[in-house]
Structures are given as structure tokens and as C-alpha cells.
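Construct the complete structure from the given sequences, taking the supplied hints into account.
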Amino acid sequence: MTATTLDAPAPAGDVRVTFPRLLRSEWIKLWSLRSTAWTLAITAVVIVGFVLLITWGMLDANEMSGNSEDVNALDAFGAVPYLGPTAVAVLGALTITGEYTTGMIRSSFAAAPRRLPVLWSKALVLAVVVFVTTALAVAVAASLQALMFGSRGASVDLGDPQVVRALIGNALYVTGIAVLAFGLGVLMRHSAAAITTTLGILLVLPILFSLIPWEPLQDLTPFLPNVAGSQITLTDAMIEQQAGFTGSVVLSAWQGFGVLLAYLVVVLAAGAWLTKRRDA
Amino acid sequence: MIEATNLTKRYGAKLAVDQISFRVEPGTVTGFLGPNGAGKSTTMRMIVGLDRPTAGHVTVNGKPYAEHHSPLTQVGALLEAKAVHTGRSARNHLRALAATHGIGEKRVNEVIEMTGLESVAKRRVGGFSLGMGQRLGIAAALLGDPRTLILDEPVNGLDPEGVLWVRNLVKYLASQGRTVFLSSHLMSEMAVTADHLIVIGRGKIVAAGPVKDIVAQGTRTSVRVVSPQAAQLAELLVGPEVSVTSDERGSLVVHGTTAPAIGEAAAAAGVVLHELTPVQGSLEEAFMSLTQDTVEYHSTMGHDVAPVAATGQEATR
Numbered sequence: 001m002t003a004t005t006l007d008a009p010a011p012a013g014d015v016r017v018t019f020p021r022l023l024r025s026e027w028i029k030l031w032s033l034r035s036t037a038w039t040l041a042i043t044a045v046v047i048v049g050f051v052l053l054i055t056w057g058m059l060d061a062n063e064m065s066g067n068s069e070d071v072n073a074l075d076a077f078g079a080v081p082y083l084g085p086t087a088v089a090v091l092g093a094l095t096i097t098g099e100y101t102t103g104m105i106r107s108s109f110a111a112a113p114r115r116l117p118v119l120w121s122k123a124l125v126l127a128v129v130v131f132v133t134t135a136l137a138v139a140v141a142a143s144l145q146a147l148m149f150g151s152r153g154a155s156v157d158l159g160d161p162q163v164v165r166a167l168i169g170n171a172l173y174v175t176g177i178a179v180l181a182f183g184l185g186v187l188m189r190h191s192a193a194a195i196t197t198t199l200g201i202l203l204v205l206p207i208l209f210s211l212i213p214w215e216p217l218q219d220l221t222p223f224l225p226n227v228a229g230s231q232i233t234l235t236d237a238m239i240e241q242q243a244g245f246t247g248s249v250v251l252s253a254w255q256g257f258g259v260l261l262a263y264l265v266v267v268l269a270a271g272a273w274l275t276k277r278r279d280a
Numbered sequence: 001m002i003e004a005t006n007l008t009k010r011y012g013a014k015l016a017v018d019q020i021s022f023r024v025e026p027g028t029v030t031g032f033l034g035p036n037g038a039g040k041s042t043t044m045r046m047i048v049g050l051d052r053p054t055a056g057h058v059t060v061n062g063k064p065y066a067e068h069h070s071p072l073t074q075v076g077a078l079l080e081a082k083a084v085h086t087g088r089s090a091r092n093h094l095r096a097l098a099a100t101h102g103i104g105e106k107r108v109n110e111v112i113e114m115t116g117l118e119s120v121a122k123r124r125v126g127g128f129s130l131g132m133g134q135r136l137g138i139a140a141a142l143l144g145d146p147r148t149l150i151l152d153e154p155v156n157g158l159d160p161e162g163v164l165w166v167r168n169l170v171k172y173l174a175s176q177g178r179t180v181f182l183s184s185h186l187m188s189e190m191a192v193t194a195d196h197l198i199v200i201g202r203g204k205i206v207a208a209g210p211v212k213d214i215v216a217q218g219t220r221t222s223v224r225v226v227s228p229q230a231a232q233l234a235e236l237l238v239g240p241e242v243s244v245t246s247d248e249r250g251s252l253v254v255h256g257t258t259a260p261a262i263g264e265a266a267a268a269a270g271v272v273l274h275e276l277t278p279v280q281g282s283l284e285e286a287f288m289s290l291t292q293d294t295v296e297y298h299s300t301m302g303h304d305v306a307p308v309a310a311t312g313q314e315a316t317r
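Protein chains in written order, with the numbering used here: chain C, 1 to 280; chain X, 1 to 317.
Treat the hints with caution; some may be incorrect.
With a cut-off of at most 27 Å between alpha-carbon atoms, the simulated BS3-like pairs for lysine-lysine come out as follows [stated by the list, open to error]:
1. C:Lys276 to X:Lys14
2. X:Lys212 to X:Lys82
3. X:Lys106 to X:Lys122
4. X:Lys171 to X:Lys106
5. X:Lys122 to X:Lys14
6. X:Lys82 to C:Lys276
7. X:Lys212 to X:Lys171
8. X:Lys63 to X:Lys122
9. C:Lys276 to X:Lys63
If you are wondering where the hints come from, they were derived from the structure by calculation, not from laboratory data.
Structure, rendered in C-alpha cells:
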């Protein structure tokens, strides 16, 4: 008893800001807002729901056309990179813009006036929470797929490292987009602006690039954040297939994800530089 | 102890704070008094590192605020606008702030109790009244049991009971040896709360010192004299330093001399006095006269000598 009391640090002397404590603070902040649970729940439901629906549809189409070949169960996860990031993009942006629009940022920066550790702890907590949620959703989707459609030959082969990489890749990609939205939120400080910009990058830019008949744009398309980043959700075999019907560069899974990470580094570095300089 | 040296903040073309230097001593309540837009909030934001000074610097207990390892135990700040996420409960807001310093739940409960927020602590802040918001801001400021408190307009939006509560709290905190720095545009509030005053107008400090001295400096003490021979006495007293005004028959208000001097002059001339009363100016008057100068000065600049003002600014850069 006495020994424990002696070993314990004096509570008064230990009151100071540390990075683990900032992480804990951001954890409390994240979970004490209703929007967090909502956006994460929507993301999980959308992932599980669409994977199952698409598997069902693929099997029906296959059987109706009398195709005897098995469907590729991993194809059903193709919806994840398109539908998964929408809600988490909102969550990522709001994590920081919500503080700016309400004035909370002044409390946060008054408590931790070095500012940048606040940004990094926010980004880290966001990334971990989004990754775990998406990975769990993908795992649940794969399990239910096997349970419901496994007898009809539609279940992912978890013994194949390529398949496992692609499944985890879904969670990595969705997390990357959440952090991209966060970074844009740091830069813009306005919820609507950050969310619109992120969704514009995800949904509008690829369409725009394919519509404008100007060669350099076509060459750049593989390097768009979402086009590059989502390569990680495909197996190498699928990426090879992709190379078959496009004339432009095809990035490998990790090259593509590397490009997305490069965007994140640039956006976060610019955000950090501005955060340090701007008045809160 | 807060020490500002040549602190300056410029927003675009507007000079919000203009080379101010001041010191806030521990163990006293120092009032920061000025009209709206005088630069009070900007100065306070610069003290806690939220706004970056254009020039000059400010330290808290010997160091810039951002260099303290435990900022919340150095300074507790209640800043002007709400600084709380509206979607979070009061309790979670305090828990999140406390967590940054490893401050425990026990202290969170203490400040909730101290500020009388028990009944609403679980409610979302978005639905709070202005007064509840102020109490929450004060609770947050007290979290780290700080040596210095900075309160920007703390009585704003509070009911009379709340105003009294803030006044007593502030005095209590100062009596424990803490530095308390609070701003207000309400002179009456300062008169009863503050020991020392820093008066700011248009980004410049127009007066600083104990409340008594500010009142003396900012107002001319006058003497009220009632006499049946008022006209004769007025003639007797008027001089280069002394002015006499008369608002009613037989009653004079004399500026620039003292009651004993008037009494002696009257006795020497054989003038009968019915009343001889020194009138102490109020903080209200002091404030008006101190800040009026700065306002008038600037409006003149704007209308008549704008080009000169512009070159003047070039020169200071």
C-alpha cells in the first residue's frame, strides 16, 4: 500500500500536456459528438449492405445467363471504394472544421498552444477509428457473404494473400480519404467548403478528366487521389486486367496508395504551416 | 504576472492594438477597461497565444504562454466569444480539456460544482443560455487551478445573481494570491471589482494605475459652493487655472481649486457661505474623459488630415 503511493507520481507535478494525453482528449472529443457514431454506422451499413446486394445480384445474373463459371466474390467489394468514403469524408472534415465553426478551436489551442500536436492527435485518432470501423465492416461483409452465398460458390478466399491485401486495402483507402478530408478541413476551416471539395475530388474530378478530350488530362487520371488510392483495393490480377483496356499508365497497388499518401503529406504539411501561422 | 512590451496587432489596415506595454501584478484584480472595439479582446487573445502579435511580445509568469509545459495551470482564460462545440455536453467539454493535461474527473466535478452547472452538465452546450455559457467558460478556466486568470467580459449575459457571483469569485481568487485580469466595458462593474485599472482606447493605453488614481487623473475634482453673494464670489475666484460655472441662482461649481482655498478667499472678502462641498468624480466620468480624447483625436484625423495620417503610418513601418 505504502509502496504504491510512493511509486505513484505526485498528481500536482504531473499536470502537463503530453501527446498520449492529447490523444485521449481527441478520443473523448470524437465520441462525445453524435455525428461520429452516425457517420461510422452509415459507413459500416453501406459497406456490408452493398457487398451482400452485389453478390446476390452477380449470382442471379450468372445463373440466369447459364454461366457455369464461379463469380469472383471479391468483385462485390468493388463498391466499397465508391460508397465507403462519402460518410467518413464528412466525419474527417467535421473533426476539425466543427471546432473552427463553433469556436472550440480556441479552447483546444489555449490548452495546447503548440497547436500542431493537436492536429496530429486528431488525425491519428480519426485514422485509427475509421480504419478499425471499415476493417470490421469489411470483415463482417466477407463473413456474411460466405455464410449466405458460400454454398453457391461466392465467398472470398482468405487463404489468398492477394485477396486479404485487397480487403484490408479497402479499409486503408477509406481511411486515406477520411484523412484527406481532414487535411482539407484544416486548410479551409469551413465545413461546407471542405466537404464539397473532398466530394468534388472523389466524384467530379474523375468524370471531368474523362470528359475533356485533352490528352494530358487522360495521362493524369491515374494519379488522381481516388483513382490512385483505390488501386490498393484490387488484387494484382485485377490490376493486370485493368491494364488490358486502358492506354494510360496503370499504377500498382502500393504505387497507387503511395500517390494518395503523397497527397496527404502535401495537404497536411500545408495545413500545419497555416495552422501555426494563423490567428485562431 | 503578465507582462506586455510594445504589443501590437494589425488586422489589414486596422491597427487593433498599438504598441501597448503593461504589467498585471499577482494578488490583485486588474481591470482592463475600454469601449467596444478598443483592443481588449485582441490583447487577451495575444496573451494566450491565439493571435500572433504583429510586433512586440507578451509573457505570462516570465515565459511566452506557448512555452509553458502546463498552460492550463498557468493561465485559465475565458475568452469573449463562446469557445465550445455546441454538439458536446458541458461535462464532456470539460473532460476533453482536462484530458490534455492529465487532470482527473475529480477536478472536472469540482469545477462543475463551483460554477453551479450540476443540473445542466449532461446537456448539450448548444441549448445553453448566455449565462450558462459564461459559467461553463469560467469552469473551463478554473480546470487547471491556474495562477493567472484572464476573463474577457465575464459578467456579459449574467443575471444580477451571476454578476455578484463572478465579482465574489474574482475577489476570492485574487485573495489567494492569483493574478486576475478581467476586461469590461462596464465602468460600474470595474469600480466595485478591480483594484487596478488599465484603460484602453483605440488600441492605446490611456491610463493605468490604482482605481483611485485613475479617477483622480481622469476627472477634475470640483467644489460646490452655495452663497447668497454667489456673483461676487465667482468674480473673486475666477483666474487662469480656475473656472466657475453656475447652474442655478446662488450655487456655483468651481473647478481648479480646493475647498479650503475657496473658504479662505471667501472669509478674506467677507462673503457668506451656506455650503462648501468637494465633489469627487466617478469612474464613469474618468472613463468618458479619458477615452473621449482618443475617439475625438481619431475622428479628426480621419476627416481633415488623412494624407498626413497615411504618411505617418509609412514612417512607423
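Status of the hints after comparison with the structure:
no.: 1; hint: C:Lys276 to X:Lys14; in the structure: holds, 22 Å
no.: 2; hint: X:Lys212 to X:Lys82; in the structure: violated, 33 Å
no.: 3; hint: X:Lys106 to X:Lys122; in the structure: holds, 16 Å
no.: 4; hint: X:Lys171 to X:Lys106; in the structure: holds, 24 Å
no.: 5; hint: X:Lys122 to X:Lys14; in the structure: violated, 42 Å
no.: 6; hint: X:Lys82 to C:Lys276; in the structure: holds, 22 Å
no.: 7; hint: X:Lys212 to X:Lys171; in the structure: holds, 18 Å
no.: 8; hint: X:Lys63 to X:Lys122; in the structure: violated, 37 Å
no.: 9; hint: C:Lys276 to X:Lys63; in the structure: holds, 19 Å
Violated hints, listed in ascending order, are 2, 5 and 8; each of the other numbered hints is respected by the structure.
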